[in-house]
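In the working numbering, the protein residues as written are 420 to 622.
Check the hints yourself; a few may be wrong.
Stated by the list, open to error - Restraint ranges, calculated between C-beta atoms of paired labels, are given here:
no., residue 1, residue 2, range
1, Arg609, Gln517, 24 to 34 Å
2, Thr602, Ser480, 35 to 45 Å
3, Gln453, Gly604, 30 to 40 Å
4, Gln583, Met420, 19 to 29 Å
Just so you know, the hints here were simulated from the structure itself, not pulled from any lab data.
A quick note: this is a predicted structure, and the numbers were derived from the prediction, not measured.
Note that the Cβ used here is the ideal one computed from N, Cα and C, for glycine as well.
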Amino acid sequence: MLVLDHLAVSCTGLAEGVAAVEAALGLPLAAGGQHPHMATHNRLLSLGPDLYLEVIAADPSQPRPAWPRWFDLDRFSGPPRLTNWICRTGDLDAELAQSPAGTGTPVALQRGDFRWRMAVPASGILPFDNRFPALIQWEGTAHPAPRLPDHGARLTALHITHPQPDALRAALSRLSDPRVHVTAGPPALRATITTPQGERVLT
Numbered sequence: 420m421l422v423l424d425h426l427a428v429s430c431t432g433l434a435e436g437v438a439a440v441e442a443a444l445g446l447p448l449a450a451g452g453q454h455p456h457m458a459t460h461n462r463l464l465s466l467g468p469d470l471y472l473e474v475i476a477a478d479p480s481q482p483r484p485a486w487p488r489w490f491d492l493d494r495f496s497g498p499p500r501l502t503n504w505i506c507r508t509g510d511l512d513a514e515l516a517q518s519p520a521g522t523g524t525p526v527a528l529q530r531g532d533f534r535w536r537m538a539v540p541a542s543g544i545l546p547f548d549n550r551f552p553a554l555i556q557w558e559g560t561a562h563p564a565p566r567l568p569d570h571g572a573r574l575t576a577l578h579i580t581h582p583q584p585d586a587l588r589a590a591l592s593r594l595s596d597p598r599v600h601v602t603a604g605p606p607a608l609r610a611t612i613t614t615p616q617g618e619r620v621l622t
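All chains, full assembly: derive it from the sequences and hints.
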């Protein structure tokens, strides 16, 4: 079983990404942290008690890893944009056995008291042109979402387009979330988020 865990907005510089998301949603982002294994850093926004948004970028203060960064960040260019979505599972190894080839190999990671295993593709690129979700298994009960300030933002829809929508839907058969919609089109993500200022869209 898969459960929507968080969304990722990629950017070439964290400050630029934070400014873009804060302007788009009209809400402040909270502190995140560093990921030494991937040489990335992030800032976070609550989307409710069990879901959040991260703005993530390569961290210039850390040595570049000898392997590709997650979310295909090594090839990222252009303005900040929504590039990935992440689903959690209670059994990452079993989930990977049922997932498309190239979903990744589990990597054990931690930040503070957060500990998790995440499937990271050898190329950094997830199946279906990065439209298939990254898979994560949190270790223990610690999760970022309930610790973040809740400014009232909630995800109402995640629209995923891909030239092979039927195949992608089949690959997502273990996810049951009425907010997630897969349709035909060029590979893209669009999130509709309600805020105290009204409905906003991230692409």
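Which earlier hints can't be squared with this structure?
none
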